[in-house]
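S.K.: The primary structure of each chain is shown beneath.
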Amino acid sequence: MDYYGVIAIGFLVFYLFVGIWAGRNTKTVADHYVMSRSAPAFLITGTLVASNLSSVTFIGFTGTAIKAGPHLMIAMFGMTVIASLCMGLWIGKYFYRLNLMTVPDFFQKRYPSKSVQLLASLIVLISMTVYMVSVMLGSTVAAQSLFGWSPKVSLIAILSIITLFTVIGGMRSVVITDAIMFVIFLLGALVIGPAIILKLGGMHTAIEKATQSIPHIFSWHGKMTPFKGFMILLETNIVSLINVAAAPHLLSRISIAKSEREFGKAMLYLAVSLPILIIGLLYTFGYLPALNSQVEPVNGFPWVARNLVPAFIGAIGLSGVLAAAISTTTSLFQQASATLSSDLIKTYLKPDMTNDQLLSLSRWCVVIIAVVVYAGSLTPNISAGSIMYAFLFATACFSAWLPSLILGVLWKGATTKGAFYSMAISLPLIVALGIARKTGLVPGWLAPNVIGLVVSTGILVIVSKLTQASYDQELIFESIR
Amino acid sequence: MNKNLGLQCSIFATAFYILINVLLVFRLPEKLDTFLIFSWVTVPGIIGGLIFYRMDKNGLWRGNDE
Chain A
119 MDYYGVIAIG FLVFYLFVGI WAGRNTKTVA DHYVMSRSAP AFLITGTLVA
169 SNLSSVTFIG FTGTAIKAGP HLMIAMFGMT VIASLCMGLW IGKYFYRLNL
219 MTVPDFFQKR YPSKSVQLLA SLIVLISMTV YMVSVMLGST VAAQSLFGWS
269 PKVSLIAILS IITLFTVIGG MRSVVITDAI MFVIFLLGAL VIGPAIILKL
319 GGMHTAIEKA TQSIPHIFSW HGKMTPFKGF MILLETNIVS LINVAAAPHL
369 LSRISIAKSE REFGKAMLYL AVSLPILIIG LLYTFGYLPA LNSQVEPVNG
419 FPWVARNLVP AFIGAIGLSG VLAAAISTTT SLFQQASATL SSDLIKTYLK
469 PDMTNDQLLS LSRWCVVIIA VVVYAGSLTP NISAGSIMYA FLFATACFSA
519 WLPSLILGVL WKGATTKGAF YSMAISLPLI VALGIARKTG LVPGWLAPNV
569 IGLVVSTGIL VIVSKLTQAS YDQELIFESI R
Chain B
20 MNKNLGLQCS IFATAFYILI NVLLVFRLPE KLDTFLIFSW VTVPGIIGGL
70 IFYRMDKNGL WRGNDE
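Line order of the protein sequences matches chains A and B.
Start counting the first sequence at 119; every next residue gets the next number (my numbering).
Start counting the second sequence at 20; every next residue gets the next number (my numbering).
Hints in this document: simulated from the structure, not taken from any laboratory.
Even glycine gets a Cβ: it sits at the ideal position worked out from N, Cα and C.
Treat the hints loosely; a few may be bogus.
In silico EDC-like links for lysine to aspartate or glutamate, alpha-carbon gap of 16 Å or less [as the list claims (entries may be wrong)]:
id, chain 1, residue 1, chain 2, residue 2
1, A, K227, A, E596
2, A, K583, B, E49
3, B, K50, A, E326
4, A, K327, B, E49
5, A, K530, A, E596
6, A, K535, A, D590
7, A, K232, A, D590
8, A, K227, A, D590
9, A, K376, A, E596
If you only want the chain A side, here are some residues facing chain B, beta carbon under 10 Å, derived [to be verified]:
id, residue
10, I302
11, L304
12, M385
From the derived model, a few chain B residues whose C-beta atoms are all more than 10 Å from chain A [to be verified]:
id, residue
13, N23
14, I37
15, T61
16, K76
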């Protein structure tokens, strides 16, 4: 094992230590699920950014910036910033006022129906598990290429760390370790990316060299045709919107804030810091071919970390890639186990469960999900393409319920039947469209998420207009306005 | 409670926006595309800070415990 591997192991041990230390005060269900609603703004910003960025951002997005130009990759984060501000300054406070423990809790309160809540719980559980398998596979690929670890060793090491401190600390451990990761990402972006520009001789010389060798990096669509570039711009921005406004692991962060203003403050910090991180990281990697055109795009980040910065900084940067994957997975774990224990087992199998029993069950559910994810990640026929498909499947699930979530707090007329049919019809449609795209039956630029969002919104509005909201629903709606 | 927080964030985001335009965008041979993309990710933070400031001034948060 080389120097970078040793630093990575030290880093993982530190990560485990902080996670366990942070979780020492987790004693109740409210602690385990929502940090007893005590999180200050900077922790929420940190956990949201860390959960949103995965190893795909550091390896895949920098690779695309190198290959096709950085602008389209940067642009997708514009919608992340806008959607985050909409959640923080406008919509998020209505969710906060519902005093939610999990995201399916929202459906139980706003659309009081067992079928809607069951559908929502299943969407969370299935999408989170599939998403976790995709992120775990990504992280084992990253560990393999960065440190030379075998896939099985990487999987066991990463999964053990995540399981251990999610069991012990719950949301508190996840949030505090995420916040540390955020600082590391920010430092990595401000040091590792700009090293390319410094090596080229400064910004002025870098621009001159890029003008001669890679002029496409000045164009908004990079190497793509304007039409394809536009469709990618549209799809990636919609994916960003769906992720911020409907991904359970991100949405759950509203409930951990100590006040609704604190959540708004967190979103403001995110809107200010994310552009610095993204421009610092992705724009600078667009110039790498002007320095060395032989580097494979997918190896761009590891190459810069190993060759252009001091070894210790490079090792921290590479560990940050692993950390990005881990921080995303911990959030997914936390949400999936909360849904399985509270929204499914407690609600349908043992409603008279005490809080202590629920806390214990939640911890066991983390272990159960870890075993499922381990089995899923070892399936031999899962390829790199499947990793991307799993990610798209998860976001497709989120686009099926996005209108029921957002219109649920903004529109009094959204009804239970509207929510049910919106989710039940659009979800299989999105999955079918995704399979059709993967098999070439529909054009590659036809985005299932975009279609799904339009269909689910349309069905919710039409069915809600044709049905009547109950008195209970209207009361709940009035209470959060 | 710091009631000027929104304004301070807005000023910080504006400073970053000016910095990247002066040090980078204005030096490019083709400026418009990069300017628009950078504006798409940066300007919302500037506007968001101002909205947050107005919300603080008008007391639009419920149950604030600070």
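S.K.: Next step is simple, just say for each hint if it's right about the structure.
M.R.: Taking the hints in turn, this is what the structure says about them:
no.: 1; hint: A:K227 with A:E596; in the structure: holds, 13 Å
no.: 2; hint: A:K583 with B:E49; in the structure: violated, 50 Å
no.: 3; hint: B:K50 with A:E326; in the structure: holds, 14 Å
no.: 4; hint: A:K327 with B:E49; in the structure: holds, 14 Å
no.: 5; hint: A:K530 with A:E596; in the structure: holds, 8 Å
no.: 6; hint: A:K535 with A:D590; in the structure: holds, 14 Å
no.: 7; hint: A:K232 with A:D590; in the structure: holds, 15 Å
no.: 8; hint: A:K227 with A:D590; in the structure: holds, 9 Å
no.: 9; hint: A:K376 with A:E596; in the structure: violated, 22 Å
no.: 10; hint: I302; in the structure: violated, 20 Å
no.: 11; hint: L304; in the structure: violated, 13 Å
no.: 12; hint: M385; in the structure: holds, 8 Å
no.: 13; hint: N23; in the structure: holds, 12 Å
no.: 14; hint: I37; in the structure: holds, 13 Å
no.: 15; hint: T61; in the structure: violated, 5 Å
no.: 16; hint: K76; in the structure: holds, 13 Å
Hint check: violations occur at hints 2, 9, 10, 11 and 15; the rest are consistent with the structure.
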